[in-house]
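Now for the letters of each chain:
2 protein chains.
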Amino acid sequence: MITHSSYVVEPWCLRETELGLDLLSQSESVFALSNGHIGWRGNLDEGEPNGLPGAYLNGVHELHPLPYAEAGYGYPESGQTLINITDGKIIRLLVDDHPYDLRYGELTAHERVLDFRTGVLRRTAEWTSPAGLAVRITSERLVSFTQRAIAAIAYEVEPLSGGATVAVQSELVANEQMPHDTGDPRVAAAVDCPLLPEEDFARDTRLRLVHCTRQSGQRVGAAADHLVEGPEGTTWSAESEPDVSRLTITSTLRPGRKLRLVKFVGYGWSAERSMSALRDQVEGAVAAARSTGWDGLLAEQREFLDTFWDGADVEVEGDAQIQQAVRFSLFHVLQAAARGEERAIPAKGLTGTGYDGHSFWDVESYVLPMLTFTAPQSVGPVLRWRHATLPAARDRAHQLGLAGAAFPWRTITGAECSAYWPAGTAAFHVNADLAHAVVRYVTATGDETFERGPGLELLVHTARLWRSLGHHDAEGVFHIDGVTGPDEYSAIARDNLYTNLMARRNLVAAAEVATRHADRAEELGVDDEETAAWRDAAARMAVPYNEALGVHEQSAGFTHFQHWDFEATSPEQYPLLLHFPYFDLYRKQVVKQADLVLAMLTCGDMFTAEEKARNFAYYEPLTVRDSSLSACVQAIMAAETGHLRLAYAYLGEAALMDLENLEHNTRDGLHIASLAGTWMALVLGLGGMRQHAGADGGPARLGFAPRLPERLSGLKFTVMVRGRRLRVDIRASAACYTLAEGDPMQLLHHGEPFTVAAGEPVHLPIPPVPAQPEPQQPKGRDPADRAVAGLPDAGDGAGPG
Amino acid sequence: MITHSSYVVEPWCLRETELGLDLLSQSESVFALSNGHIGWRGNLDEGEPNGLPGAYLNGVHELHPLPYAEAGYGYPESGQTLINITDGKIIRLLVDDHPYDLRYGELTAHERVLDFRTGVLRRTAEWTSPAGLAVRITSERLVSFTQRAIAAIAYEVEPLSGGATVAVQSELVANEQMPHDTGDPRVAAAVDCPLLPEEDFARDTRLRLVHCTRQSGQRVGAAADHLVEGPEGTTWSAESEPDVSRLTITSTLRPGRKLRLVKFVGYGWSAERSMSALRDQVEGAVAAARSTGWDGLLAEQREFLDTFWDGADVEVEGDAQIQQAVRFSLFHVLQAAARGEERAIPAKGLTGTGYDGHSFWDVESYVLPMLTFTAPQSVGPVLRWRHATLPAARDRAHQLGLAGAAFPWRTITGAECSAYWPAGTAAFHVNADLAHAVVRYVTATGDETFERGPGLELLVHTARLWRSLGHHDAEGVFHIDGVTGPDEYSAIARDNLYTNLMARRNLVAAAEVATRHADRAEELGVDDEETAAWRDAAARMAVPYNEALGVHEQSAGFTHFQHWDFEATSPEQYPLLLHFPYFDLYRKQVVKQADLVLAMLTCGDMFTAEEKARNFAYYEPLTVRDSSLSACVQAIMAAETGHLRLAYAYLGEAALMDLENLEHNTRDGLHIASLAGTWMALVLGLGGMRQHAGADGGPARLGFAPRLPERLSGLKFTVMVRGRRLRVDIRASAACYTLAEGDPMQLLHHGEPFTVAAGEPVHLPIPPVPAQPEPQQPKGRDPADRAVAGLPDAGDGAGPG
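If you read the sequences in order, they're chains G and F.
Under our numbering, residues 1 to 801 are what the first sequence spells out, in order.
Under our numbering, residues 802 to 1602 are what the second sequence spells out, in order.
Treat the hints as calculated values from the structure; they're not laboratory data.
Any given hint might turn out to be false.
[Stated by the list, open to error] Covered stretches of chain F, going by a simulated chain G footprint (3 or more residues, C-beta under 8 Å): (1) 857-869; (2) 952-959; (3) 1292-1299; (4) 1384-1398.
[What the hints assert, rightly or not] A partial selection of chain F residues facing chain G, derived with a Cβ cut-off under 8 Å: (5) 1076; (6) 1227; (7) 1375.
[To be verified] Pairwise CB distance ranges (calculated): (8) F:1376 <-> G:391: 28 to 34 Å; (9) G:549 <-> F:1319: 51 to 57 Å; (10) F:1277 <-> G:477: 24 to 30 Å; (11) F:1412 <-> G:524: 45 to 51 Å; (12) G:391 <-> F:1585: 42 to 48 Å; (13) F:1412 <-> G:546: 29 to 35 Å; (14) F:897 <-> G:196: 52 to 58 Å; (15) F:1376 <-> G:527: 55 to 61 Å; (16) G:753 <-> F:1337: 58 to 64 Å.
Glycine included, C-beta positions come from ideal geometry on N, C-alpha and C.
Modelling step: build the complete structure from the supplied sequences, incorporating the hints.
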C-alpha cells in the first residue's frame, strides 16, 4: 500500500492537487461527504474509474447467513452488511464521441478540495480527449446538514481548445457493479445486486427509482431534479429503466461557453412505509431543495458549520499539519453523526463498507466524548438509538442466561453480528461503555429528561447485566470471569481491570440514578435490595494488582504471563494478528491497544498519580498499537503522566491515521473513532480535560491540566458545557479560560478549583513537568517523533505536508 | 429420540428380533461390519429403507472449504470429510413384479444377529408382498479380518406360500443418494455425488467400478464376483453404467427351492496408483477371495476371532447385560482397528460419518489402552500412522510459532481440521496423549524397534512442543498458559493440571528415551542441553492446588470460579453446550467430562490416595458427563477411591452408550472410545490394572487392585503382556492370577509385589473397602444404579435387556 502525501497542508481544507489512480479508494474515503443519514464516497462524478462506488443510507443493510464450520449455542446466525444503494452522484460526460474517462486521453490538471467551513467538495479537472479536444470540468458537491434527505451537485463543463459537442448524462443508478469479491458466496449474494426494482420514473428533468432489499425488506427511494443552463440549442431528455434513471443533456459549446447543471438528489428509506409513501417523500424532499436552490443550500450549509465551528474549533499553533488534521477530524466526525437521528454511527461512518458498516463500542468510547463537548445535540439521538435497541439487547442477555441487557459487539440494527465470540460476545465492556456515555452526556449537558427516560433504563439494564455476570467469592470479592477487555490480544480473562472498573462505575451510576428517580426506577422493578446489591458488588469489585511489581494487572494473572518476544518479531509481522495465532497472543504479555491505560483515562479517579505513572511505564513496552483506537488514548495518558514529547508523537499518529493511511485500510472508510481521538488527544491530552466524579461523591466537576509539548506555541479550543461555550487558550506557561455566555462555572486547573464568569477571562500558570525517564515501546513500535525539524509548522501552509 | 431395548441379552451375540423402521439409523451403526480398512454400515441388503447408506474405506475422504465469518491467522482452511464410497452391499429383489421393500407388504418376521465369535452378521426375514406372496430371505455378511480388501455376502431367497418368479439384482453403486442435507452448500458439494466415474465394467458374474474423488484426488476401485446356485432355468446377465454395475439373476422358484448367491466384493483405493493398477488390485483380491470360497472366509474369520478372544475375553458373572456389552465393545473396537494398517482410527470407526470421520485424541487415550493389552499387534500401525503425519504436525507447529510437532485435534490425513480453536488447536494435550500411548505400548510389548524408530521421534518432537509452549516464571516454575484440557466446558486456561502432568510425563519420557538411544537422538539434533531443559521443565511443572480446599485445581484458579447453578438447570438443558453459551460454561465450575479425574488415572503415581479421594469427591458434583468419554474414566476412579457401587453404575453407562443410545447419536456411528472404555471400566476399574512407572524411576510394573461391586460374583479377563497371556480371575474376596505361557512375571496386587509363573496360578486375598460417604453428582446427573433388582443377570439370557 502506497501512502498518500499529496495533500496540501492548509488550515481549513484538504486539497489534493493531482489524481493518483492507484490511490482512488483511499481518496474516495477521505473526500466522502455525509450528514450521518446519507453518505457519498468521494467517487469521481463520472463514476469511473473508481476504487469502490459508494452511496449509503444509514441503516440500509442486507442480511446474509453467518457461516460456522463448528457452530455453538448463541452464535448469531444472521449477518448484516451495509449496502451500496442507488447512486445519485453519477454525471457522465461525452465530449464529441469520447467518454470522459481519465484512464484515456490526457489529464492535464486535477484538483479536489474538501472545505471544512463550507462543507463542499470542489473538483476542477482539465482533460484532453484522445481526439485532442480539451475541456474543463468544475463540480461542487454537498450532502446537506440542514436538509437531511438531500445531496446536491453543481456541475459545469466548458471546452478549452475549440468548440465541442457534449452530452451529459445525469443518473440514478441502482445495483452498481462492485469491484471486490468477498470470497464467501453467501455474502456475495447479499451485496451483489442487493436491490430489487419496484418503480422507475423519468419526466422532464426529474428522475426517480424505488427499490427494495431482498432479505431485510427495506425500501429505498431516490429522486433527482435538475436545473440546466446552457447555450441555445441545449436540449435534454429523460428516460428510465428498472436500475437506471437518466437525464441526457446535449449541447454544442463554443470556447468560453459553459454547460451548467445543478442536480438535487433526495433519498429516503423505510422498512414500514409503502412504495407510494416513500415515492412522495423523496419527491417532496427534492422539491423543497429545488425551492431552496443551490445557493440557498450553500448558505445553509455554511451557517450550520459556522455554528459548529464556533463551539468546537481547535487551533493548534506551531504545527500546521496537526491543525489541518484536527479540523479534518472534527469535520468528518460531525459528518458521521450530525443527522443520524437515532441510527448507529458506523465505525467507518458512511465513508465506506469497512467492518460491514457495523457500529462498535468506539461510538460510545471515542466518538461521543468528542461530540458531547462539541456537538452535544447529536449525542442524545445516538444514545436514543441504543435505547431503541434495548429489546434486542434484553433478548440477547436472556439468550446468554444473563439478566438485564447485553448490547451487541457489532451491529447495524441492534442484533449481535459478531461471529467470533471471544472478541465479540465476551467483550461485555461495551455495556459499561454505553452506561459511561450516558453519565458523561447527562453530566455535560444537564439533560435530565434524557436521564429520567432512556438514560435510567440503559443504566438499570446494564447494571443488572453486571450483577448477573459477576459473582462474589468466599471472601466477598466481586469477580467478573471469562470476559474480554478492549485489548483484543487478550481474551476470556478473569477480572479484566478496565471491565471491572467500568462495571463498578456502571453499577454505582445505576444505583444513584435509580435513587434520584425512584418513581421511574420502581416502574422497572428496581427496589432497595437491588440497588444495595449493585452498590455492594461495586464496593467489592476485584482490582487485580501485582504487589511485587507495584502495577495493576490488565487482568488477573496478566503480569505473570510470558513476555512476547519483541526482539524476534520483525516489522513485517505487524499487525500481529495477521501473523500469529490468537492462542499465542492471548497467553502472552502483549497488548494490541490501550486497555488498562484506557481505564486510567475513563476511571482516572480510581488511580493515584503514582499508580498511573508506574502502570503507564509498565504497559508502554507491551503495547504494539495494532488498533487505530490506541494512539489517541496513549497520547492522553502520556500527557497526564508528564511525557509530553511522547504524547505529541501519539497525537500525530492519531491525527494522520487516515490522511497518511497509517493502518493501510483507509480505502474501506475512515477511522471515525481515531478521528475523534485526534480531538481527544488535543483536548483531553494536551488540554488535560476531565469530567471525573467528585472525590467526595459530590457532583462531577470539569477540570483541565493543560501542558504543551515544546514545539507547540499555543493550543486553543472551545468546548460546549451545559449549553455554554468555554474557550481555553493554552500557552507554554499559562492558560486562559473564557466563558462566552451564561452563569459562572466552577472548574479545576491542575487540580485547583476556580470559577470563570462570562466576559471575565481567568489566567492561570501552568506548573512545570518534572523530568523523568521516557517509557519505552516495543522494538520498532515507537511512534514517529514530531518534536524534530523538517515538519511543516504554521508558516508552511503552501507546501505539501 | 427413542431408545432401543429390543436387543436380546445373550453372551456372544447381539440379536434384534424385530425391525424398527424409526430406529434404522441406530441399528445400522450397531450392526456395522468393519475390519478397520473397509466399513459397511448395517444397511438392509436391498438398500432401502435406510437411515444412512454407508460404505467406507479408511482414509477415503473429500475436501471442502472451512467457512469463517471472521477468519484468523492459522485457522485451517480445508476441511476433510469421510465419504460414502461405492456400495457393494446392495442386493435388490423383485418378487413377481413387486420390489422387496419392507415399507410395503407385510413383514412377518425379521431377525438380525451379530455374532462376536464368527464375525458374521446374519439376517432372516419373512415377508409377504402386497400381492400376497410370502418369501424368506436369509443373508450372511462379513467384512474379512484375514483378507483385508474383501467383504462378502451369502444371500438366499425361497418362496413360502407358492411358486414365485424372482429377480435378484446384485450391485455396485456409486454416489448413492444421501438422506441428509448438511445445511452448508460447500460441505454438501463435497459429500453429494463425491465420486467421478473413471471406469465401469460388467462381464459374466463380474462387476467393477472405478471412481475418483474431485478435490482430494483419491481413486477408489470396487469389484465383485458371484457364485449363483438356483434351480434349472436360473439365468443371469451383467451390465454396467458409470455409477452402477449390476448382475441380474432371474429364477422361477417352487416352494422349498432356493436361489442362493454368494457375492465377493473387493475394495482398494490410492491417491498414487493408476486406474489400471487399482483395477487389477481389486480384481486380484476378488479372485483370491473366490478361490478361498465362502466357507473358507467363514473359517478364516472364526480362526482370527478365536485367537483374539483367547487373548482378550472378559467374563462378567452376575450381569448378563454387561457381559454382552463388553464383548460387543471388544468386537467393535477390534473391527475399528484390526486392519487399519497405518491409517487413523476414526472416533466412530467405520460405522458412520459422525465427526466427519475424523480421528481425535481418544484414539490414544481410550482405544489404544484396550488394544495395547488385547490386540497389541494393531497398536504399532496406529502409532506409525501418527508418525507418518509428523511432517504435517511439524508444519503446524511452525505455523503456530512453536517448536517440535503439533498434532491435530481432528483429522483424517494429519492436517488440522478443527475450525474452533479454543477447543481444537488449544487442546495441545493431544500431543502428550500420543507420547503417553507410545510409552504405554513400548512398556507393555517391549517393542524396542518401535521405540528406537518412530517412538523416539514422536517423543522428541512432542517434548520440543511442550518446551516451547510453556515458560518458567520468575520463581522458576514452569507454566503452560492458554490451553484447553479434556474438559470442553473449560478452555484457554492457565496450567490445566491434566495437560501439565501429561506434558511432564512427555518431557521425562523423551529425555529417558533420548538417553537410551543417544545415537538416534543425536540424529534429531538432541543434545544434553536440550534433555536437561526438558527435565528441568518437568521438574518445575506447575501443579495448581487449592490449599484451603485441599484439592487440586483443574486449572489455575478453577476452584475460585462461580459454581454452576445445577439446581436451576433442568434435565432438558443437557447437554449443556446446546443450551448455554461457551463463555458461560468456560467461566464457571462445571465439568463436561473427566479432566482432573482422568489425570488421576493416567498420572496416578503423581497423587496420593488421599488426594485422589478428596479430588474425586470435589469434582464429582461438578461433572455432568455431557461427553461419552467420561463415564468410563469416572468408573475407574470411583473404583480406585473405593466407591464400587458408583463404579458399577458408571460401568453400566459406558457399556450401554450405544446399545441403549444414551447420547442420542448412535445413528451417526458408534462411540468407539466409549466402547473401549467399557473394557477399561472393567479391567482398569474393577480389575484395578495399572502400568505406572516405578516409584524409584525403575521400570514400570503391571499392577492390579481388583474389587467387585456387590452384585457381581466374578470377573475374569485376559490381558496380553509382552507376548504372554495373563489371566485374572476375580472373586469377591480373592483374585487368582494365571500366566498362560512364558517367563515368570513380576506383578503387584493391591500394591504388594508378587511373581506369577506359567502353570502356577497365584491366589491372593482382596482387602475390604472401608466405608465412606458416596460422592454426589450434579442434580439429576447421577448414573443409573445397577445394584438393584430387576436387571437381567447371567441366568436371564432369554429375555430382552
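Hint check results:
{"no.": "1", "hint": "857-869", "result": "holds (count 3)"}
{"no.": "2", "hint": "952-959", "result": "violated (count 0)"}
{"no.": "3", "hint": "1292-1299", "result": "holds (count 3)"}
{"no.": "4", "hint": "1384-1398", "result": "holds (count 5)"}
{"no.": "5", "hint": "1076", "result": "violated, 33 Å"}
{"no.": "6", "hint": "1227", "result": "holds, 5 Å"}
{"no.": "7", "hint": "1375", "result": "violated, 12 Å"}
{"no.": "8", "hint": "F:1376 <-> G:391: 28 to 34 Å", "result": "holds, 30 Å"}
{"no.": "9", "hint": "G:549 <-> F:1319: 51 to 57 Å", "result": "violated, 43 Å"}
{"no.": "10", "hint": "F:1277 <-> G:477: 24 to 30 Å", "result": "holds, 29 Å"}
{"no.": "11", "hint": "F:1412 <-> G:524: 45 to 51 Å", "result": "holds, 50 Å"}
{"no.": "12", "hint": "G:391 <-> F:1585: 42 to 48 Å", "result": "holds, 44 Å"}
{"no.": "13", "hint": "F:1412 <-> G:546: 29 to 35 Å", "result": "holds, 30 Å"}
{"no.": "14", "hint": "F:897 <-> G:196: 52 to 58 Å", "result": "holds, 56 Å"}
{"no.": "15", "hint": "F:1376 <-> G:527: 55 to 61 Å", "result": "violated, 37 Å"}
{"no.": "16", "hint": "G:753 <-> F:1337: 58 to 64 Å", "result": "holds, 60 Å"}
Going down the numbered hints, you'll see the structure goes against 2, 5, 7, 9 and 15, while the others check out.
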